[in-house]
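> Listed below are the residues making up each chain.
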Amino acid sequence: MRRLVLILVPYLWLIALFLIPFVIVVKISLSDVALARPPYFPQLDLTAGWAGIRTFFSELDFENFTFLTTDDLYWKAYLSSLKIAAISTALTLLIGYPIAYGMASARPEWRATLMMLVILPFWTSFLIRVYSWIGILSQGGLLNTFLLWLGVIDQPLTILNTEIAVYIGIVYTYLPFMILPIYANLEKLDGALIEAAEDLGCSRTSAFWLVTIPLSKSGIIAGCFLVFIPAIGEFVIPSLLGGSQTLMIGKVLYEEFFSNRDWPVASAVAVVLLVILIVPIILFQRNEQKNREASQ
Amino acid sequence: MKTPLLSLTATLALTAAAVQAEEVHVYNWSDYIDESLLSKFEEETGIDLVYDVFDSNELLETKMLAGGSGYDVVVPTGTFLQRQIMAGAFQKLDKSKLPNLDNMWDVIEKRTDAYDPGGEYSINYMWGTTGIGVNMPAVEDALGADAPVDSLSLIFDPANMEKLASCGVHFLDAPTEMIPAALAYAGLDPDRKDEEALAKAEEVLMAVRPYIQKFHSSEYINALANGDICVAFGWSGDILQARDRAAEAENGVEIAYNAPKEGALMWFDMMAIPVDAPNPEAAHTFLNFIMDPENMAAASNYVYYANGNKASQEFLSEDVIGDPAIYPSEETLEKLYTVTPFGPKEQRTLTRLWTKVKSGT
Amino acid sequence: MPQTVFAPWENPDEKPLIQFRNVTKKFGDFTAIANLDLDIYAQEFFALLGPSGCGKTTLMRMLAGFEMPTSGKILLGGEDIAAVPPNKRPVNMMFQSYALFPHLSVWDNVAFGLKREGRDKSEIETRVSDMIRLTRLEKFARRKPHQLSGGQRQRVALARSLAKAPKLLLLDEPLGALDRKLREETQFELMDIQEKTGTTFVIVTHDQEEAMTVASRVAVMDEGRLVQVSTPDRIYENPNSVYVADFIGDVNIIEGSANQTGDKVLVNWAEGHSPLVATTAAVLQKDQTCYLAIRPEKIAITAEQPDAANVVQGEILDIGYLGNISTYHVKLPSGHVIKAQSANTRRIARRSFTWEDKVWLSWSDTAAILLER
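Protein chains in written order, with full-length UniProt numbering: chain D, 1 to 296; chain P, 1 to 361; chain U, 1 to 373.
Only true hints are included.
Subject to a maximum C-alpha distance of 35 angstroms in a straight line, what follows is the list of computed DSBU-like cross-link-like pairs (lysine-lysine):
| # | chain 1 | residue 1 | chain 2 | residue 2 |
| --- | --- | --- | --- | --- |
| 1 | U | K298 | U | K264 |
| 2 | P | K63 | P | K97 |
| 3 | U | K121 | U | K144 |
| 4 | P | K193 | P | K356 |
| 5 | D | K27 | P | K92 |
| 6 | U | K181 | D | K188 |
| 7 | P | K345 | D | K76 |
| 8 | D | K27 | P | K345 |
| 9 | D | K217 | D | K188 |
| 10 | U | K115 | D | K217 |
| 11 | D | K83 | P | K200 |
| 12 | D | K217 | U | K121 |
| 13 | D | K83 | P | K63 |
| 14 | P | K110 | P | K193 |
| 15 | P | K335 | P | K310 |
| 16 | P | K214 | D | K83 |
| 17 | D | K188 | U | K167 |
| 18 | D | K188 | U | K88 |
| 19 | D | K27 | P | K193 |
| 20 | P | K356 | D | K83 |
| 21 | U | K121 | D | K188 |
| 22 | D | K27 | P | K356 |
| 23 | D | K83 | D | K188 |
| 24 | P | K163 | D | K76 |
| 25 | D | K217 | U | K88 |
| 26 | P | K335 | P | K200 |
| 27 | U | K115 | D | K188 |
| 28 | D | K290 | U | K121 |
To be clear, the hints were calculated from the coordinates, so they are not data collected in a lab. From a predicted model like this one, the values you see are computed outputs, not experimental measurements.
Could you put together the complete structure from these sequences and hints?
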């Protein structure tokens with residue numbers, strides 16, 4: 001009985017906080033936009049009984065999904081988001097891995113402090129941290145002033161309102177999500193394994209590629225998911241730091257919802273986004289499962 | 001009237017908590033009232049005033065359409081108000097509870113009738129125009145002393161814009177403001193929403209798109225005042241705010257606001273009571289309090305926008321009532337136009353067009 | 001079967017494989033190895049024995065290249081190897097934790113070092129299968145380390161470290177993680193493999209029995225110094241100090257003052273007791289403090305007073321029954337407690353002594369070793 005309850009808890013959690021909201025979003029995505037409160041049609045009228053439910057279902061259709069294919073804006077935005085998320089994830093990994101590696105190889109008494117430093121930015125509001133990048137990256141901002149003072153450049157660089165600023169914002173914001181799982185992984189890594197690899201003829205570098213990297217694979221994958229998934233739907237960072245030409249699905253979603261007041265299309269955009277995100281995760285898990293079974 | 005960008009900041013998730021009889025929830029634009037009026041209201045009426053702010057019509061509209069916002073008084077802009085009335089978001093005003101309605105200005109009422117015929121659902125709070133803010137010395141440097149600072153050609157003629165690009169031009173990130181202006185420049189009715197007209201507006205905007213540094217609806221206040229940009233197409237009150245900041249800073253920046261001579265968009269922020277307001281009684285009390293001439297004048301003196309209250313004008317300070325940028329002359333007033341809201345289909349075309357203008361996609 | 005005794009350390013013409021020359025290693029203020037000299041010869045099974053912190057692991061890590069001597073030289077085949085990094089040394093190590101790569105199969109673990117040398121595939125294949133056969137891992141070649149038992153992992157580690165046919169194999173507490181029975185079996189297996197491959201083995205251990213069993217020579221270490229380097233039997237029979245005598249096996253130590261006549265020494269050890277007699281080749285000063293080390297199995301325990309060079313009487317305090325032998329703790333009137341062992345050739349019921357019995361202990365004059373320190 002107690003076991004049953006323990007198994008049920010995560011499922012109930014999932015049902016209450018994911019499945020039910022998702023079903024509602026799917027339902028809205030199958031509706032039509034209407035000038036009403038709430039602004040879509042049909043509404044489920046339970047007072048009409050069985051007939052009401054039947055009419056309700058007969059009114060639902062996939063029109064909004066077909067609509068998404070009629071305008072190249074949507075797939076371009078999805079693609080552009082995927083690209084931005086992928087590049088940001090790669091950059092975050094490139095920067096985060098050495099940091100995690102450095103932390104894991106630091107003296108144990110230093111590690112707690114270093115960990116603290118990584119987590120510290122979370123104590124400030126995310127929004128304020130992104131806003132402060134405006135002050136750093138703008139034409140008359142800290143970075144340009146500094147570079148001009150150094151004499152590296154003689155014209156201020158245009159960074160703010162470009163895709164570069166978006167990358168900076170995403171990498172900065174999500175870096176801890178990359179560092180922490182990799183660090184957790186590397187910290188457990190037995191130093192003797194590296195010595196063993198060197199003993200067996202590896203240089204420092206090849207020991208890193210042949211032993212450290214494969215053994216931190218699960219941390220790398222976890223970190224990449226933690227960065228890639230929120231980055232793909234990111235709205236705040238491209239809005240604040242990106243230029244008007246930065247096309248991201250989060251912004252499109254916002255416009256559909258707020259400017260067009262088209263909740264059904266907005267929901268369709270969200271459903272497609274979820275599918276785009278969930279499919280690779282499921283494929284990956286399947287693959288992991290297979291590997292695990294194969295090695296049994 | 002400000003826009004979407006970061007409405008999140010103002011998303012003070014208000015729980016539609018149990019509202020006691022003696023509480024009224026007001027949801028207004030940020031920085032849009034003299035705050036001493038709030039305590040004055042509480043003192044006079046004994047009603048607790050809970051005052052929240054937002055910074056985008058879209059955010060307000062989403063709350064109104066979703067329902068259950070918990071607010072008693074909200075302040076949408078005319079075009080948004082009209083659509084929300086059609087969606088059934090507001091309740092009719094009980095005019096017997098609003099004796100101060102007599103103070104309102106018929107000139108403005110005539111115009112707001114376009115959105116809310118007969119003022120059944122709303123009263124005007126503030127109104128203003130959308131026009132051109134310039135940093136005079138910089139623009140004269142770029143275009144010479146005879147720069148057309150009071151004409152839409154300043155911002156829509158590629159020849160002018162090419163020269164202004166290097167000193168910086170910002171446009172509002174609000175298609176409902178920019179499209180009518182482009183239509184006015186093209187000599188078309190600014191309220192046209194047909195495909196032919198929108199195509200024309202797109203042509204005008206795409207021609208100057210490369211010279212625009214940014215589409216944003218609030219950054220231009222600071223950017224203008226600091227001299228980071230030299231031209232902004234924006235809301236009157238905001239540009240006047242930039243003017244005063246620059247004057248205070250004495251940084252060589254001289255801002256001037258002009259409503260374009262080809263015609264300028266006139267907008268109205270309206271106070272209305274949501275259909276599901278927890279305390280409509282107190283909401284009426286608040287509206288009546290606001291329509292008191294002295295209170296209304298205090299608000300205008302504070303925010304530098306004109307109001308729709310005739311009786312308040314004798315209490316306005318000279319730099320408000322006397323500034324043609326705030327209270328335009330009869331002649332200019334005649335050239336101001338109003339627009340009606342876009343329907344759902346048209347709205348989609350509009351948003352899509354705007355995305356194309358901004359992103360090139 | 002006639003066999004020449006393997007003792008290259010006794011042949012002055014033999015060149016040692018490894019030479020430590022005045023090697024000192026410091027970690028900050030702490031001296032781990034103090035000015036140490038040591039020769040290890042090819043094909044030796046050499047044990048470094050000592051308590052934890054004695055410097056034996058540091059010594060081994062310097063051979064592997066993971067630590068650099070602070071001063072002094074380490075020569076391998078006559079060449080100074082200070083500048084050679086671990087991956088370039090013809091030395092392999094079997095780690096205490098085994099350090100098997102968890103992401104690789106047994107086969108790939110064993111092949112790891114060979115692949116790094118860039119040998120061709122068929123050669124690697126042959127070598128790996130040889131190693132896997134040698135360590136009897138044929139059935140597990142495709143498994144991952146976490147799917148193996150402790151003993152199997154130990155064999156993978158051994159196969160992996162032997163795969164590259166190193167000149168020198170270092171074994172860091174190789175059997176520490178195994179249970180006693182498996183450990184004993186594996187000791188013999190190790191010796192067998194060492195003999196088959198002809199590789200020089202250096203083993204680090206804190207287990208004196210293990211060192212005694214497997215090694216051709218044992219170096220007993222204490223606080224960064226070598227106390228004694230010799231064959232197991234000599235270490236046992238002729239310890240050069242109380243430290244070594246005490247560390248290796250069970251021993252009774254009796255302190256006294258010496259009174260030498262020729263090769264005989266009379267040791268005064270307690271008031272009112274006649275001196276004990278021992279033989280020595282050393283020359284001691286009159287009344288010099290010295291120690292007698294007597295192994296318990298060399299002490300006879302009898303009910304009647306025997307006729308022997310050294311005879312003392314006492315009372316049985318404790319009896320440790322170990323099956324094949326029994327250890328008696330006998331308390332002397334002087335307060336000393338002496339351990340004596342006797343083989344249990346008879347059944348328990350017929351055993352002659354029990355608690356509080358008065359017994360005589362005796363040993364010959366050559367049974368005790370006279371130690372100066």
